[in-house]
Amino acid sequence: MLEVQTVEHIVIAVVGFLILINILLNFNKVENDTINVILKNWAYHKYFFITFIWGVLGGHFFLGSPKPVFGSNWWLPVLIVIIIIVILILFGRKLDRDIVLKRRYQILLLITGVLYGHFFWSQRHIPNIEFPWAN
Amino acid sequence: MQPIKTYLNDKVLIKRVQYVLIFLFVCLIGLDIYLALDKIPNNTISNVILDKTDNGLFVLTYFWGAIAAHLFFTKKRPKVISPVIGTTAIIALALLIIFFNIEPKVALMFEDIKYNISIYSLSMLLGFVAGVVFWRQKHI
Numbered sequence: 001m002l003e004v005q006t007v008e009h010i011v012i013a014v015v016g017f018l019i020l021i022n023i024l025l026n027f028n029k030v031e032n033d034t035i036n037v038i039l040k041n042w043a044y045h046k047y048f049f050i051t052f053i054w055g056v057l058g059g060h061f062f063l064g065s066p067k068p069v070f071g072s073n074w075w076l077p078v079l080i081v082i083i084i085i086v087i088l089i090l091f092g093r094k095l096d097r098d099i100v101l102k103r104r105y106q107i108l109l110l111i112t113g114v115l116y117g118h119f120f121w122s123q124r125h126i127p128n129i130e131f132p133w134a135n
Numbered sequence: 136m137q138p139i140k141t142y143l144n145d146k147v148l149i150k151r152v153q154y155v156l157i158f159l160f161v162c163l164i165g166l167d168i169y170l171a172l173d174k175i176p177n178n179t180i181s182n183v184i185l186d187k188t189d190n191g192l193f194v195l196t197y198f199w200g201a202i203a204a205h206l207f208f209t210k211k212r213p214k215v216i217s218p219v220i221g222t223t224a225i226i227a228l229a230l231l232i233i234f235f236n237i238e239p240k241v242a243l244m245f246e247d248i249k250y251n252i253s254i255y256s257l258s259m260l261l262g263f264v265a266g267v268v269f270w271r272q273k274h275i
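So the protein sequences, as listed, match chains A and B. Quick note: the first sequence uses our numbering, first residue 1, plus one each step. Quick note: the second sequence uses our numbering, first residue 136, plus one each step.
Just so you know, the hints here were simulated from the structure itself, not pulled from any lab data. Some hints here could point you the wrong way.
[Claimed, not checked] Okay, the calculated bits of chain B under chain A, using three or more residues with CB under 8 Å as the criterion:
| hint | segment |
| --- | --- |
| 1 | 157–167 |
| 2 | 174–185 |
| 3 | 204–210 |
| 4 | 224–230 |
| 5 | 236–242 |
Yeah, the Cβ is synthetic: ideal placement off N, Cα and C, and Gly gets one too.
Starting from the given sequences, assemble the full structure and let the hints guide the process.
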């Protein structure tokens with residue numbers, strides 16, 4: 001069993017670890033091995049789903065609409081986001097190896113992600129609101 | 136970092152960092168699924184982060200925006216601001232937010248608006264703008 005505080009420590013430890021190894025990677029002699037460069041290359045080539053996830057998590061963690069679109073089916077937005085990500089990965093893998101995405105698509109992915117996290121996968125849904133189209 | 140260089144060439148090291156990142160991400164997802172299903176309520180990673188933001192970590196949302204600009208909004212023209220100055224500016228802005236305790240002040244401004252979660256969208260946007268100005272990476 002993991003208490004809330006343990007989870008906090010785990011999250012802080014992971015973030016601290018990432019910052020530390022990124023500093024080390026920045027000052028070693030190998031070029032383009034830092035985490036930011038790796039993530040940038042992934043996001044601009046085949047794995048642009050990362051941009052979408054970053055948006056979704058931002059909307060999910062920090063924003064969040066009070067009205068649940070899917071009623072009490074809390075698992076539905078999770079399932080849909082997994083399906084969207086799998087589709088994005090499969091689509092990305094079919095693209096050409098050297099493809100470089102346009103910057104405007106990155107912004108589009110980020111904004112779509114935030115809107116999804118805000119409206120569909122919100123943590124601030126007021127419980128027990130029933131909609132005619134839910135249930 | 137000299138020893139690593141002698142054992143590995145660049146490509147191998149980059150591959151290893153990629154694997155570490157994927158491994159960490161998969162671990163976090165696995166942990167979060169376990170936390171969602173166990174008996175203690177509200178201890179998932181999302182809950183922990185939400186509690187932190189509700190308790191006043193305006194700076195967390197600021198960093199979300201700054202990192203989003205850093206990773207996903209690259210610069211095609213040559214850089215005007217050097218990465219060292221840019222990073223310092225980003226961290227200095229975060230320290231200013233903490234030092235002047237901006238969050239309650241912004242919350243007070245939005246007091247009359249019932250839907251006051253929008254204050255976080257404000258700091259996310261602030262972070263993104265700061266990231267675009269100071270912290271963009273070179274385009275591929």
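Structure-based check of all given hints:
no., hint, in the structure
1, 157–167, "holds (count 3)"
2, 174–185, "holds (count 11)"
3, 204–210, "holds (count 5)"
4, 224–230, "violated (count 0)"
5, 236–242, "violated (count 0)"
Going down the numbered hints, you'll see the structure goes against 4 and 5, while the others check out.
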